[in-house]
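Engineer: Once you have looked at the hints, place chains B, C and D on chain A.
Protein chains in written order, with our numbering: chain A, 23 to 367; chain B, 23 to 367; chain C, 23 to 367; chain D, 23 to 367.
Any given hint could turn out to be false.
[Stated by the list, open to error] Here are the computed distance ranges between Cβ atoms for each label pair:
#1 D:E179 x A:R359: 37 to 47 Å
#2 A:R222 x D:H301: 33 to 43 Å
#3 C:S100 x D:S178: 36 to 46 Å
#4 D:G109 x C:R96: 21 to 31 Å
#5 C:H301 x B:G181: 31 to 41 Å
#6 C:T344 x B:S343: 27 to 37 Å
[Stated by the list, open to error] Far from chain D, some chain A residues (derived; all Cβ distances over 12 Å):
#7 E34
#8 M46
#9 T180
Please keep in mind that the hints were generated in silico from the structure rather than gathered at the bench. No residue lacks a Cβ here, since even glycine has one placed at the ideal position from N, Cα and C.
What follows is each chain in one-letter form.
There are 4 protein chains.
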Amino acid sequence: MLVILHPGTDPELSARVLTAIEQMGGRPVPMTGYNRSAILVEGDRSRVDPRRLRALPGVEDIISDAKPFRRAARESVSEPTVLKLPGGLTIGGEEIVIMAGPCAVESAGQLLETARAVRAAGATVLRAGAFKPRTSPYSFQGLGVEGLKLLAQVRSETGLLIVTEAMDVETLEPVAEVADIIQIGSRNMVNYSLLKAVGRLNKPVLLKRGMAATITELLLSAEYILSEGNPNVILCERGVRGFDSSTRNVFDLSAIPLVHQLSHLPIIADPSHGTGDRHLVPAMARAAIAAGADGLLIEVHHQPDLALSDGGQSLFPEQFSTLMRDVHAIASLLGRRVAAAELVP
Amino acid sequence: MLVILHPGTDPELSARVLTAIEQMGGRPVPMTGYNRSAILVEGDRSRVDPRRLRALPGVEDIISDAKPFRRAARESVSEPTVLKLPGGLTIGGEEIVIMAGPCAVESAGQLLETARAVRAAGATVLRAGAFKPRTSPYSFQGLGVEGLKLLAQVRSETGLLIVTEAMDVETLEPVAEVADIIQIGSRNMVNYSLLKAVGRLNKPVLLKRGMAATITELLLSAEYILSEGNPNVILCERGVRGFDSSTRNVFDLSAIPLVHQLSHLPIIADPSHGTGDRHLVPAMARAAIAAGADGLLIEVHHQPDLALSDGGQSLFPEQFSTLMRDVHAIASLLGRRVAAAELVP
Amino acid sequence: MLVILHPGTDPELSARVLTAIEQMGGRPVPMTGYNRSAILVEGDRSRVDPRRLRALPGVEDIISDAKPFRRAARESVSEPTVLKLPGGLTIGGEEIVIMAGPCAVESAGQLLETARAVRAAGATVLRAGAFKPRTSPYSFQGLGVEGLKLLAQVRSETGLLIVTEAMDVETLEPVAEVADIIQIGSRNMVNYSLLKAVGRLNKPVLLKRGMAATITELLLSAEYILSEGNPNVILCERGVRGFDSSTRNVFDLSAIPLVHQLSHLPIIADPSHGTGDRHLVPAMARAAIAAGADGLLIEVHHQPDLALSDGGQSLFPEQFSTLMRDVHAIASLLGRRVAAAELVP
Amino acid sequence: MLVILHPGTDPELSARVLTAIEQMGGRPVPMTGYNRSAILVEGDRSRVDPRRLRALPGVEDIISDAKPFRRAARESVSEPTVLKLPGGLTIGGEEIVIMAGPCAVESAGQLLETARAVRAAGATVLRAGAFKPRTSPYSFQGLGVEGLKLLAQVRSETGLLIVTEAMDVETLEPVAEVADIIQIGSRNMVNYSLLKAVGRLNKPVLLKRGMAATITELLLSAEYILSEGNPNVILCERGVRGFDSSTRNVFDLSAIPLVHQLSHLPIIADPSHGTGDRHLVPAMARAAIAAGADGLLIEVHHQPDLALSDGGQSLFPEQFSTLMRDVHAIASLLGRRVAAAELVP
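Pulled out of the complex, with its shape left as it was, chain A reads as follows (with noise of 0.2 Å):
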């Protein structure tokens, strides 16, 4: 952290800073140049507040370390995170892997039926949720207890892994009983209390990124969960909110190779959510692959017009299946490949 003062700050004002900083418990360097000083600040900085320093007086500006994230920086580990999931899939390797399914856990047929659908496609990992965080009290809100069961059906039927949402700590058993990755959505990308609970269990997460996070912000919700002692943390680009309303969100794409050049941790790209849009979901999941995505999370159901939540941006079988194709060949372009089906038992 540096420390910028103002030209010709007044000795005792520069006096002043340097003595809050040690109060913090930083270890401050005075640096002085012709016209301007600035302060930089070494030693235990955990508690040196920035907004504090600069609401001081004769304080111009504060140069925060670029990356208040350690655990996800990518200088804490020499090489890219490769997660083991279960049935000898890997994610942040060379394997992408696909995650496809429902928005929500509906019935048994639908559910059923739209898995067959995704794993004979090339899916490896069924998406569908349980607990639904809606926006009015008044929508859907997912069948609960009751879908996880179904869930748990379908996994051991179709071999598929699940990934499904925890929404809140009360429930985050029965749901980690269930999911080989636990799902916390976008809107619990900053509910501490919940990303605490997660990082005290061993399972893959995967993280979500806020409607108006930053990429430093998310990979601090990512550090709330590594610090707790799970490393198993996957992110996932779903879209920020944006000014135009011709899209559900702006699909930041952006956002995957620079998480790969910041962290170890692997991204996922979810163009549903990212385009909120059937139509514009298979272009957006090709560039997402193009772009370097560790893996794709797609809405996708075996009857699109009948979906009780998100039916517009689910794809129809037919278009999952032909949209596998181009994925299987950008990622072999790019010395890539689909974790296969065939490892599920």
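Structural biologist: Relative to the frame of chain A, chains B, C and D by itself:
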């Protein structure tokens, strides 16, 4: 709800839309123009999903009812809600309620000294967080239960009411014991499990707008609380995320008259988070009152230089006193008055 | 400017940065801390490009001078600029200037009737566009030169000053002949050719903030005008683009105190475009004055229902009269006064 | 256009809306449901202003036609437009056109060397600005007419086509003499005077999306050019303004498939401005091709360290060569091919 069909839509496709509406429990009423038709959806629309309809072939657009919130809507209650707070205070009527204090409870001395200062200047509610949601896991996370005890002490010593944040369902009970008003922070505006939990209490709830929340979404989050049975909701504008880093947030004061137009619920303003800069707080606090805010939430610290969080946006006690004079004057000019500290026992 | 180097940067790379700074005409001053070094850039920094430096290996970050604008900066002039307008009016000092009128000049009758109404209510400047930038080529584009003639007539009949928009260099001359204040609209805030052209005139310029412009960028656009020799710049906050379609723009009132902190130039507020909704205009006009605005720009139409553009955000004359009473009261409370119509000949 | 009335709107108010529509030249068709009515607007809607209608009492909402643009709309032309460029190149069909080169023309040597490098790697169009719109008046503003001469020379020496920016009507003629494709930059997307002027030429125009422009607004700006008679418009996604400063802009690649859905015009992508960071450009260039872009606009500099502008986002020639191999492969995978340099004389 109105379903707009493409010009020249095939009758077969129209029929399919009619069927879909009926399947979801609505009563479709076709409306025909020269070039274009539409379908009005009457009857029980609670299960009619606009996104599902939008995805049907032939459908050009869906006009949702302007107000998906019901209990929060102006139409549901003829008069603005005037909430009764302990000590004879009210909010939402003629009185303007001033809530002030430090960002976080740091120590008995800090809390008491600041509390006395804000009370002397005319505040009636003390704000201070015992549980602090922080972007980084390495930042000061609040004193927790210990902080709650200090709040209870200061209340009994000063008579000030207490507003303090509940971060999760697990710690809601101890927070609710101490708080006169339970704060739901921006990050938790879409934590529906927490909203439902405070909805089952019978205490005033201060619901802060999320960083990327529309006003409709803010009112839908209020609806989660109201629909569980707790009618005591106070909304709070505290800035939304924007593209200009010269202020911490974009303080969207138009939300004040807009909420008053759409809803009967009271709304207050938090210029401290709205701007993130002590130098801008007084001007924006005055502006909030002039825009019709039902109260203010302001960070004040007896020694902002030493604050453990948000020091840069905290007012010095003298600044707060000066501001309060302007607030009184603008309020009376608009036919309102600042809720008096004398009312507090 | 300060160039922050990565910890442990190779001396060879540091040397390359020093060379690059010298090549661009700056004088580099190395500053050394324990773990990390930095280079302060002194001397002539006009050609030192921060983006070029940032791209050099070893460079972690660049701290640009907070204020790339110079003539617009508070530091360059000790006191707030008080511009003299014709008729003895001033803006930027004690007086608050009210500019009101229809969005567009539509006809002699409409213009005169509205002009009389706003004058009666206390406005001293008439706003109305002869040239109208419209998002669609098929919308009403203004009366053009014919509209300018009507403005000149109404000025001589009412004594009101005229503020009207110049859309391009080609029509700047006729606009400048009629206008007492030349408006540069939001869309043209970054039309540098036009800014330079008005910078060569000696007339007051009302520069509106662009839809996605930061305050720094607004002040840099002012700098284009100032640096050509025209010191008569009035800034205008009129809302920026946001994600919530419930208002036309996000009316960013914090810009008012922020500009007053960073610059000596006056700034006014346009609540009509800021909100896009007549029902929100009075509250936000009051708020703007309370925040310290040096004036208001408000759309008023004698028959808003029939307006050819922006009818929905135009006040009825009676609403405007009522609002003016509040504006007077808040102004005097803050030690200011509304510039009086009596001053106009 | 459809005017939605409030439930239970008084017949007198309805009648007033009908009259207003007729006054503006539209033909109103009332549509009645059980609880709610609407008015369909037929006939000549060119003068019917939705904002004016929205402001009338009794009106709840206005459903504008989804596509206010006409000539740019997919419906107006049955097939995608395939523009012919000089040298036998086409854009918008099977061929993908690569435009590359430095941000600005700096010198004969720089331009020629970079031009040769990008040609060798497979680009067919050279990009470089002679007139540079810069945020600060103190930044390098381009070589102007001198730069145009250098562009003409390099074209005759290399056979590359030239795309270069026109900043204003005054300098449009000399730019149009040299340019094979006239670029309208982001800042000028809403400079309607300039759009109309290029609309009267018969040269291809590259229209870049504005920083805060919706896709509808981008297409309406294209409409300004088309409606003046110039059908040769190429759109360009180059990122929009967002809240995360970790990239220069939010590169909104969904715009590619969305424009292809809404319009017949070709659209290319500019990952250099989209990301602002050389390290992210190759991944996002690949992604753009995978999303269906009809071309790329990429900054390449033979010595990015020494570039006078945008050095940090310019590729080294070797990086560009490597990228071109991936571009070829992804293009062919999608049934397209990179327009060949051999076609250039």
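Engineer: Looking at T180 of chain A again, its CB stays over 12 Å from all of chain D?
Structural biologist: Given that every Cβ of chain D is farther than 12 Å from that of T180 of chain A, nearest at about 29 Å, it holds.
Engineer: Can we trust that E34 of chain A is non-interface, i.e. its beta-carbon lies farther than 12 Å from all of chain D?
Structural biologist: holds, 34 Å
Engineer: Looking only at beta-carbon atoms, does the pair H301 of chain C, G181 of chain B fall within the given range of 31 to 41 Å?
Structural biologist: Distance hint for H301 of chain C, G181 of chain B holds at roughly 39 Å.
Engineer: The hint says 37 to 47 Å between E179 of chain D and R359 of chain A; measuring C-beta to C-beta, is that right?
Structural biologist: Roughly 45 Å apart at Cβ, these two residues keep to the hinted range, so it holds.
Engineer: State, for the Cβ atoms of T344 of chain C and S343 of chain B, whether the hinted interval 27 to 37 Å holds or is violated.
Structural biologist: For T344 of chain C and S343 of chain B the Cβ distance comes to about 32 Å; the hint holds.
Engineer: Test the statement that M46 of chain A is away from the interface with chain D: the closest C-beta pair must be farther apart than 12 Å.
Structural biologist: holds, 25 Å
Engineer: Between the beta carbons of G109 of chain D and R96 of chain C, is the distance compatible with 21 to 31 Å?
Structural biologist: violated, 54 Å
Engineer: Are R222 of chain A and H301 of chain D spaced within 33 to 43 Å by their CB atoms?
Structural biologist: Given about 35 Å between the Cβ atoms, the range holds.
Engineer: Using the C-beta atoms of S100 of chain C and S178 of chain D, is the stated range 36 to 46 Å upheld?
Structural biologist: With Cβ atoms ~56 Å apart, the hint is violated.
Violation of the numbered hints given earlier is confined to hints 3 and 4; the remaining hints are satisfied by the structure.
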